[in-house]
Structure formats: C-alpha cells, structure tokens
Amino acid sequence: MKPEDQKRLLREMIFYRRFEDRCFEAYMERKVGGFLHLYSGQEAVATGVLERAKPGHDYVITGYRDHVHALKSGAPAREVMAELYGKETGSSKGRGGSMHIFDPTVNFMGGYALVGQPFPLAAGLALGAKHRGEGQIAICFLGDGANNQGTFHETMNMASVWNLPVLFVCENNEYAIGTHIDRSTAVRDQYKRVCGYNMEASQHDGMDIDVVMEAASKAIDYVRGESKPYFIEFMTYRFRGHSMSDAKSYRTKEEEAEWEKRDPIKVYSRRLKKAGVISDADIKAMEKEIDDEVENDIIKFAEESPEPKIEDLTRYVLDDNPDPRWIGPLVNEGE
Amino acid sequence: MAETAYWEAIRRAHDEEMANDKMVIAMGEDIGVAGGTYKATSGLFDKYGPERIIDTPISENSYTGIGIGASMVGMRPIIEIMSINFALLALDTIVNAAAKIRYMSGGRIACPLVIRTPGGTAHQLAAQHSARLARMFMSTAGLRVVTPRGPVDAYGMLKSAVRCNDPVVIIEHERMYNMKEEMPEEEFFRPLEGAEIVRRGTDITLIGYNYNVHLCLGAADKLAKDGISAEVLDLRSLKPLDRETIRRSVEKTHRVVIAEEDEAPVGVGAEIMAAINEDCFFALDAQPIRVHAADVPVPYNARLEKEAIPDVEDVYQGALKALGKI
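Sequence lines, in order, name chains A and B.
All residue numbers for the first sequence refer to the working numbering, where the first residue is 17 and numbers rise by one.
All residue numbers for the second sequence refer to the working numbering, where the first residue is 10 and numbers rise by one.
Check the hints yourself; a few may be wrong.
[To be verified] With a straight-line Cα cutoff of 30 Å, these simulated DSS-like cross-link-like pairs (lysine-lysine) come out:
#: 1; chain 1: B; residue 1: Lys56; chain 2: A; residue 2: Lys70
#: 2; chain 1: B; residue 1: Lys31; chain 2: A; residue 2: Lys244
#: 3; chain 1: A; residue 1: Lys282; chain 2: A; residue 2: Lys264
#: 4; chain 1: A; residue 1: Lys304; chain 2: A; residue 2: Lys23
#: 5; chain 1: A; residue 1: Lys325; chain 2: A; residue 2: Lys18
#: 6; chain 1: A; residue 1: Lys244; chain 2: B; residue 2: Lys189
Since the hints were derived computationally from the structure, they do not count as laboratory data.
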C-alpha cells in the first residue's frame with residue numbers, strides 16, 4: 017500500500033473518532049436527541065472492509081451504530097451531522113436521526129434500529145443487484161448480538177440457498193447491549209454459527225486495519241467472483257457504552273484497559289511511525305486539521321441549517337407524486 | 010369478456026406484469042414448482058424460471074425482508090404470504106421496515122413491493138388459520154391496504170399495486186379464490202384508492218370490504234324484498250380510506266351498517282364509525298351499527314365457526330336495527 021494511502025486511512029480513522037466524540041459533546045449539549053450509539057474503538061472494521069469494497073457502488077447496510085459506515089461509504093459528513101441535529105439538510109432530511117442515516121446517492125442503504133433486521137434487507141439488496149447484473153455486492157455490518165435473532169438464521173439459509181452476493185460482517189464486540197456474549201450465546205466464535213448453512217466464514221482481529229483489509233479483500237473477491245455469501249467476523253471492542261444512557265457497569269476497568277491498548281488508531285499510527293511513513297508532528301497537525309474541519313465546517317453547517325418545515329410533517333409517508341393511473345381515486349358514476 | 014375466477018385473475022396480473030417488466034418477481038412458499046396454494050402463480054415457474062418465481066423456505070419475516078431489500082434497489086417483488094396469520098411473523102419487516110423506510114430516509118428510498126395474503130375464515134381452519142387482521146395493517150402509516158372483493162379488482166388492483174411506488178398489502182380471502190366474474194380480455198387497471206358504490210340505494214348504506222361486500226349485497230337483496238332500498242359501498246382501500254364517498258352516501262341515506270369479518274375492538278368498523286361521527290354526525294337518523302365477528306379466537310367446530318363470523322342474515326338484522334324496525 018502506498019504511504020499516502022496509509023496516511024489517508026489513518027486520517028480517516030482519526031476523523032471518525034473525532035466525529036463520534038463531537039457527536040457525544042453535541043448530545044451532552046442537548047443539540048442531538050434520541051438514542052446515540054457511537055463507534056469509537058471499532059473504526060478499523062468499517063474503514064478496512066469498505067476500503068477493500070467499492071464504496072458508492074456496492075450496497076452497504078447496517079444497524080443503528082451507523083455514522084462511520086455511512087461516512088466511509090461516501091455520505092457527506094456535514095449531512096450526517098445535520099441529520100443528528102434533525103435538520104432539513106441532513107442525510108434523511110431530519111426524519112431519521114442518528115440511527116437512520118440513509119444516502120442512496122452512495123448506495124448507503126440505511127441504519128436500522130431493529131436488531132437483526134438488516135440481515136434480510138441486505139440479502140434483498142444482493143438479490144436485486146444480482147438480478148440487475150450491475151456488479152454490486154451487498155455488505156451488511158452488524159454486531160454479535162444480532163446473531164441471536166431469527167432473521168440471522170433465516171437469512172443465512174436463504175443467502176446460501178440462492179447464492180446471493182452478500183458479505184455479512186460481524187463486528188463482535190462481545191456485548192449485546194450490556195450482556196456479555198458468554199452469558200447470551202452458546203458459541204463465542206460467531207463465524208462457526210454459519211457452517212450449518214453451508215457458508216464460507218472466517219474470524220480475524222478487528223483492531224488492526226491491515227488484518228481487516230487483507231481478510232476483507234479475500235472475502236469480497238469471493239463474494240463478487242463466485243456470487244455467493246460470506247460471513248466474516250472481526251473481534252473488536254467499543255470503547256464507549258452501548259448508547260449514551262449506558263454506565264458500562266457490566267464490564268471491568270481492567271478489561272477496558274486491555275482493549276484500549278489495542279486501540280486501532282494507536283496500533284496503526286505506531287506501525288506507520290515505525291515504518292517512517294508518518295511522524296508525531298504529522299499526526300498532531302492532522303488532528304488539528306480534523307478538529308478545525310469538524311468544528312468550523314461540519315458542526316457549523318449542522319448548527320446553521322434550517323429545521324424541516326412543520327407543513328412538511330406528512331411528506332414522505334407515501335409517494336408524494338403518485339401516478340393517478342394506478343392510484344386513482346376511483347370515480348363512481350354520477351359522482 | 011370471459012368468466013374468470015379470482016385466482017385466475019391474480020395469475021393473469023402476475024403474468025402480464027412480469028412480461029411487462031423484468032424487475033417484477035414473485036416470492037413465497039410453494040408458489041413456484043408447486044404452483045401456489047391458491048394456484049395464483051400456477052404455470053409461471055415454467056415461463057419465468059426460478060430467478061423470478063422464487064420458492065422460499067418457511068421464513069416469512071426474512072423472505073419478506075429480502076423482498077423489501079430488493080424493492081429498495083429497483084425490483085418490484087410480489088410477495089405471497091400463505092395466510093395472514095403467518096404475516097404476523099413478518100410484521101417486523103412489513104411494519105418496521107417497509108412502511109417506514111421512505112419516511113425515515115426523508116423520501117430518498119422507496120419500497121415498491123406488494124404483499125398478497127388471504128385474511129379470513131373458511132372451512133373450519135381454526136384459530137391459527139382464520140385471522141383477518143385488516144385493522145392492524147390499516148393502522149400502519151406508510152402502507153397501502155386494499156381488499157379486492159372480486160376478480161376484476163383482484164386483477165386490476167394487483168397490476169396497479171405492482172406499478173405503484175408504495176408498499177401495498179393486498180388482503181384476499183380464502184372463500185373468494187374460486188369466485189367468478191366477467192372480465193374484459195384486454196388489459197386494464199383498477200385504481201388503488203377510492204370506495205365503490207356497488208349498488209345504489211336511498212334508505213340505508215351498507216359498508217363492506219373484502220368478502221363481506223357480498224354479505225352486504227345479500228342483505229341488500231333481502232331488504233329490497235321488504236321494500237327497503239340499500240346502498241352498498243365497497244371500501245376497496247382501507248388505507249387510505251375514502252371518507253368522502255362514505256360521507257356522501259351517509260348524507261343521502263342517513264343510516265348505516267358496517268360489516269366486517271374482523272373482531273370489533275379497535276377495528277375497521279370502529280374507524281369508520283369514528284369517521285362518520287367526525288364527518289357527518291348530523292346527517293344520521295340512527296346510531297351506526299357494526300356487524301362483526303365474535304371477540305373469540307375462531308373455533309374449529311363448524312356450528313361455532315358459523316356463529317363467530319357474520320353472515321348475510323347478521324347484516325340484514327343489523328340493517329333492520331339501524332332502520333328502527335327491531
């Protein structure tokens with residue numbers, strides 16, 4: 017990989033961390049409402065996998081911890097932040113919020129709050145892509161907790177039977193909200209669960225973006241080349257709570273400290289420094305530039321954007337410009 | 010014109026829409042090789058192949074979800090759910106996903122899919138195959154819910170539903186699949202919205218939807234023998250509801266009976282009574298009457314089943330009550 021690409025990837029991960037931290041601050045300032053689920057700690061997974069896919073072309077779908085998947089797919093950061101602010105300029109025009117970022121212009125097909133619901137939707141995106149023959153695959157990012165939903169089993173089965181080009185990315189952060197995997201799930205290794213569906217699967221370190229990219233490349237080549245599903249599991253950790261209301265009472269400080277040593281940004285920046293690709297001063301400059309961009313461009317845009325109009329409350333429920341040939345209404349004779 | 014059965018009408022709509030647009034696919038349990046429980050897709054597997062007539066495993070929630078995902082990227086799936094009871098398994102993907110994706114994406118993504126399912130009681134199928142549930146789908150913003158009463162609407166509304174850009178739930182009925190009607194041989198479409206006055210009258214309005222329109226027509230025949238002129242309204246679309254046509258009819262007849270096969274609580278009839286109260290309360294000469302199912306799980310025993318579900322006599326009696334004759 018070229019040094020400038022390595023620097024770009026590091027910058028992206030630092031940017032995502034800063035973006036999420038800034039969401040947290042905006043939430044504490046009550047500028048952002050609802051539920052807020054942050055991705056800090058897991059950056060190497062979305063960044064690494066989508067680096068090896070064709071973001072903007074391939075379909076990407078995920079759960080409610082969706083900001084970074086949207087950003088790496090190419091959704092403008094201004095619009096994602098404006099969505100959190102509930103503004104008309106947001107990715108979903110302020111109708112979705114943090115958990116429901118959508119940007120079909122880059123084939124980011126949404127964040128969903130029903131755990132496990134994106135499994136079948138992803139398989140459907142893949143079915144559509146295969147049918148249309150335009151070469152996309154679907155990539156579905158979900159946590160280990162989602163694998164205990166019926167949709168996991170139903171969808172793995174159908175994706176396999178129908179040879180759908182879908183990559184299921186399991187971000188195993190060991191906690192389903194606040195319940196540890198050992199207390200909720202019979203098998204810790206999630207990739208083993210799909211062998212019953214005759215699907216290729218593997219497990220990798222999710223804290224090292226180089227490992228993620230290498231594994232993702234192979235999996236994506238397989239999905240695209242063979243037009244078959246693949247289940248890839250990355251072992252990772254979220255540094256913050258499940259959402260803002262989470263005091264993390266279910267895990268120990270020691271455990272958190274162990275994982276923080278494997279912070280994907282630290283792991284990667286150490287490697288790049290050792291290789292002479294980047295210096296501490298470069299990183300400092302990068303961070304300053306990012307802070308400036310987040311504060312003076314992204315947050316400014318979100319703050320200054322207009323709210324949706326009250327009179328638009330009922331727009332987007334159904335097609336706002338339906339074709340009267342199909343919709344009517346039917347006219348009774350003599351009326 | 011040719012006499013066509015309800016199932017044949019649905020089959021013809023599938024065939025024409027699939028021939029017209031290769032983005033149209035059909036999915037469901039046993040719809041392909043086996044030809045469909047109600048024959049609604051018979052012969053189409055051979056014509057369009059397994060990529061477009063998709064036999065699914067018994068996984069209602071996820072195959073519906075797959076259809077929704079496909080609809081988000083330009084496909085137009087027609088999903089058959091063998092019984093509306095089984096649609097309960099798919100409520101997450103129908104109600105939480107299909108109905109909400111357009112809205113929560115700020116109108117940026119549509120889900121143009123059709124879900125067909127029979128809702129109603131028939132031949133002692135007992136509690137777990139006899140749900141109606143129209144009221145539940147009717148209460149979900151983001152869905153269209155239509156209830157074709159015969160082959161003409163079954164054909165014409167399915168074709169419109171395939172072309173419309175919204176998720177459409179079509180509630181059919183076990184007891185209607187073999188019902189026949191004269192149908193034009195040339196292609197036609199029936200609009201998804203708008204109630205239909207299927208019989209003109211002046212003394213009382215009988216409102217039905219789905220199979221129970223036929224109960225209303227039967228009751229109207231009996232009333233005619235008593236010298237009473239009943240107007241029969243087929244709602245056709247439960248969501249959106251054509252309140253305007255209801256209002257005009259009630260303002261003309263001043264008396265109204267609503268026939269529903271659903272249970273009464275929080276039901277279709279309750280919604281229509283509320284609409285009448287809000288829209289034309291002062292036009293009423295008597296309280297509106299609901300004719301509905303008993304508030305019980307549908308029993309297996311034939312006598313009990315018959316008792317649980319409204320029939321022509323029940324609608325007739327309801328009309329007599331609204332007319333102050335009993």
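Quick rundown of the hints versus the structure:
no.: 1; hint: Lys56(B) to Lys70(A); verdict: 35 Å, violated
no.: 2; hint: Lys31(B) to Lys244(A); verdict: 22 Å, holds
no.: 3; hint: Lys282(A) to Lys264(A); verdict: 23 Å, holds
no.: 4; hint: Lys304(A) to Lys23(A); verdict: 15 Å, holds
no.: 5; hint: Lys325(A) to Lys18(A); verdict: 47 Å, violated
no.: 6; hint: Lys244(A) to Lys189(B); verdict: 45 Å, violated
The structure shown violates the earlier hints numbered 1, 5, 6.
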